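If you're matching them up, the sequences are chains A and B in order.
Going by my numbering, the first sequence opens with residue 1, and the numbers climb by one from there.
Going by my numbering, the second sequence opens with residue 298, and the numbers climb by one from there.
It is worth saying that the hints were derived from the structure and are not from the lab.
Note that the structure is predicted; figures quoted are calculated from it, not measured.
Yeah, the Cβ is synthetic: ideal placement off N, Cα and C, and Gly gets one too.
Don't take each hint at face value.
Unchecked claim - Examples of chain B residues toward chain A, derived with CB under 7 Å:
id	residue
1	P547
2	T551
3	Q726
Stated by the list, open to error - Derived DEER-like restraints, expressed as beta-carbon distance ranges:
id	chain 1	residue 1	chain 2	residue 2	range
4	A	I103	B	V641	51 to 61 Å
5	A	F205	B	E555	44 to 54 Å
6	A	V279	B	Q725	21 to 31 Å
7	A	I28	B	K352	35 to 45 Å
Stated by the list, open to error - Taking lysine to any residue pairs in the SDA-like style, the calculated list, with each CA pair at most 25 Å apart, reads:
id	chain 1	residue 1	chain 2	residue 2
8	B	K691	A	I202
9	B	K489	A	N139
10	B	K494	A	T261
11	B	K537	A	L158
12	B	K352	B	E379
13	B	K717	A	D68
14	B	K559	A	K101
15	B	K691	A	L74
16	B	K616	B	G412
17	B	K537	B	D526
18	B	K537	A	D68
19	A	K230	A	L65
20	A	K170	A	Y114
21	B	K691	B	E555
22	B	K543	A	L74
23	B	K543	A	V129
24	B	K673	B	G591
25	B	K559	A	L158
26	B	K616	B	W345
27	B	K559	B	W345
28	A	K101	A	I202
29	B	K559	A	L141
30	B	K543	A	R135
31	B	K717	A	L158
32	B	K717	A	T261
33	B	K426	B	N677
34	B	K717	A	F70
35	B	K691	A	R75
36	B	K559	A	V150
37	A	K170	A	V117
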Amino acid sequence: MAMSTASRVRRQLPTSPWLFAAPGLLIIGAFILYPFVSTLVNAFTDRRTLIPGRFVGLANFRELLQDDMFWVGLRNSTLYVVGVVPALVVLPLLLALLVQKNIPGITFFRSAFYTPVVASIVVVGLIWVWLLDERGLVNSLLETIGVGRVGFLSDQWLLLLSAMAVTVWKGLGYYMIIYLAALANVPRELHEAAAVDGAGAIRRFLTVTVPAVRSTMVLVGALSSVAAFKVFSEVYLMAGPSGGPAGEDTTLVMLVQRTGTGLTGRVGYASAISVVVFVVTVALMLLVLRADRRDES
Amino acid sequence: MPTSRRALVAAFAVCLALPLSACGSGGDDGGTADASGKVEGDITFQTWNLRANFKDYFEGLIADFEKKYPGTDVKWIDQPAEGYADKISADAAGGTLPDVVNVSPDLVAPLAKAGLALDLDKAASQYRKEYLSGAWASHQIPGMTGTYAFPWYLNTGPLFYNKSLFEQAGLDAEQPPKTYDEVFDAALKMAKETDGKVATLANVPTIEDFGRYGVELMNKEGTAFAFNDAKGVELLTRYKELYDAKALDPQALTATPESSGKKFLTGAVAMNPGSALDLGNFKKQAPNLYRNIGITDQITSTGHVNMYVMGVMVNAQTKRAPAAVAFAHYVTDAAHQMSFAKQVAIFPSTAGSLDDPYFTKEDGTDETRVRVAAAKSLKNAVNYTPVLFSEQMKTELRNEVAKALQGKESPKEALDNAVKACDTLLQQQG
């Protein structure tokens with residue numbers, strides 16, 4: 001009886017599931033699918049902001065290969081992943097272990113570590129620019145202790161490292177929360193058993209905690225590597241719109257912004273760079289997931 | 298099942314077709330809207346970051362216009378300074394460009410090329426004689442005939458210097474440098490005396506600096522850049538000397554006008570270009586600096602100082618061309634430019650306005666001294682930035698200049714590369 005009612009409903013309202021899904025599908029279509037397909041199509045045209053594009057085949061991609069700034073962007077975005085991801089996988093876990101215990105006042109520290117996450121990236125960027133300025137607080141301290149002034153914002157590599165430090169500092173709290181949730185699920189008995197077997201704190205961390213939160217570490221690795229490869233705000237705010245001295249700190253997303261926006265923007269070329277960013281991002285995700293699967297097997 | 302597959306294929310086709318269809322706008326021969334006829338109807342007017350300080354002025358101006366032309370209704374939109382070009386490009390691409398738009402010459406060029414700016418030589422030539430000829434010409438685009446915006450306000454400014462820093466370095470604070478050679482010599486002395494702690498300049502040379510130094514920026518036809526000549530190389534070589542001696546701020550390679558302005562406020566650099574507007578800022582934000590402020594003329598080797606020009610463009614696709622043209626002219630006519638100039642430290646682009654006693658008589662204050670000097674210099678000032686010099690080109694020049702200063706390329710190589718990159722971008726602009 002129940003079966004026949006259900007099939008009657010299905011016969012009478014074959015579109016009802018689509019109606020329920022329609023708002024979500026519309027949003028996805030308008031804000032994800034359409035821009036994605038549009039970018040893909042534009043990548044094969046010479047479209048400019050105000051000038052309609054013509055199909056140019058792979059010309060944009062061929063130009064990319066000869067564009068020094070593209071290679072600078074690819075290098076910097078890759079370096080960002082290499083520099084930021086390990087820090088964002090390990091440091092928040094250590095931080096989570098520190099604040100995991102319910103001792104008096106711990107809420108204050110948890111909140112303090114999480115504060116940078118909710119702060120505006122523009123505000124955070126400006127604060128760090130003031131701190132790291134040639135005459136900023138950090139350089140004044142360094143001068144006081146006799147180290148001398150350091151060109152955090154004028155040296156190409158120090159600038160990139162400074163931006164990485166800001167990304168790590170801002171992301172610590174977010175990933176710490178994810179790790180806290182994962183740590184809450186680690187059975188206490190495992191730690192107790194390891195302790196009975198004579199394992200010290202470091203050994204327990206390596207043989208109990210790390211395996212227990214391994215899947216969370218993979219998740220954090222995947223999320224942070226995608227975010228790091230697509231970095232824009234931190235570098236833009238600290239290195240300026242030109243991408244640091246001689247543009248040497250430009251990342252791929254900055255190049256997309258610089259090339260594709262404005263009244264004379266090369267939308268087709270910028271779309272081609274975006275396609276490369278997309279392909280690399282997907283490849284990064286697959287790489288992390290494959291590494292995880294191999295380790296599991 | 299076959300139906301759903303067909304639907305899926307159709308949906309996919311639509312997805313592919315939609316973006317392609319978006320490629321089809323613009324590019325027609327614009328500038329031909331008919332501006333004759335009765336001034337009536339609703340129009341939109343967009344300004345560039347002016348509401349915060351001049352709300353009353355613009356509301357009064359709009360009310361007066363609507364009273365003068367019954368049946369008109371002006372909707373005023375103000376956009377923030379940040380991302381203004383992006384906002385215009387989004388509107389232009391989306392077909393929602395306002396009827397009357399506040400623009401600068403470099404913004405007009407791509408809009409005119411896309412047929413979105415009304416040619417005023419055709420639609421409003423009767424007003425041409427009301428403006429300074431140089432200001433009217435500032436919205437003409439090489440390779441195109443016509444003028445694509447009414448000139449609005451002009452600005453220029455002196456070079457400010459910190460007298461106290463000059464004295465500490467043993468420089469004569471009452472005899473500031475007047476020529477490029479004197480500036481460079483003073484900068485090197487300042488760096489030497491302060492052990493590199495105080496730089497004199499905070500910005501790398503821009504296209505305007507090359508222009509003021511006497512470098513030929515483009516060929517006569519406006520089809521190629523030419524700032525890699527011997528004069529350009531000479532200027533960059535001098536800057537390299539300053540950079541090595543720390544007479545040019547080490548952070549100059551990434552500086553913006555805002556960041557260098559802050560450095561001047563904090564006494565980290567000794568000289569900075571500015572305008573009459575800045576005196577108020579110094580007084581409020583850095584009273585110590587204000588007490589020690591020195592003011593000297595903009596340095597130029599050509600006898601012409603640089604000026605910035607604002608314009609008011611009429612959308613060539615407006616449905617209310619008579620009202621839009623009438624309003625754009627109303628905003629920029631002599632009476633309204635004069636009244637706006639009394640609200641803020643800007644200068645009118647209308648013929649004869651700069652001879653008004655407001656711009657010729659000093660009352661002993663620094664404000665009027667700067668105003669009178671600026672108004673005098675504007676009479677033969679030049680907008681050095683070529684209208685075709687886009688943001689991307691500015692970045693190319695800046696990056697190549699930085700490479701030369703860092704010693705990664707010789708000044709000649711850097712400028713050759715910059716010219717090559719800018720020429721490529723120019724050709725791509727069409």
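### Query
So which of the earlier hints does this model not fit?
Violated: hints 8, 10, 14, 22 and 31.
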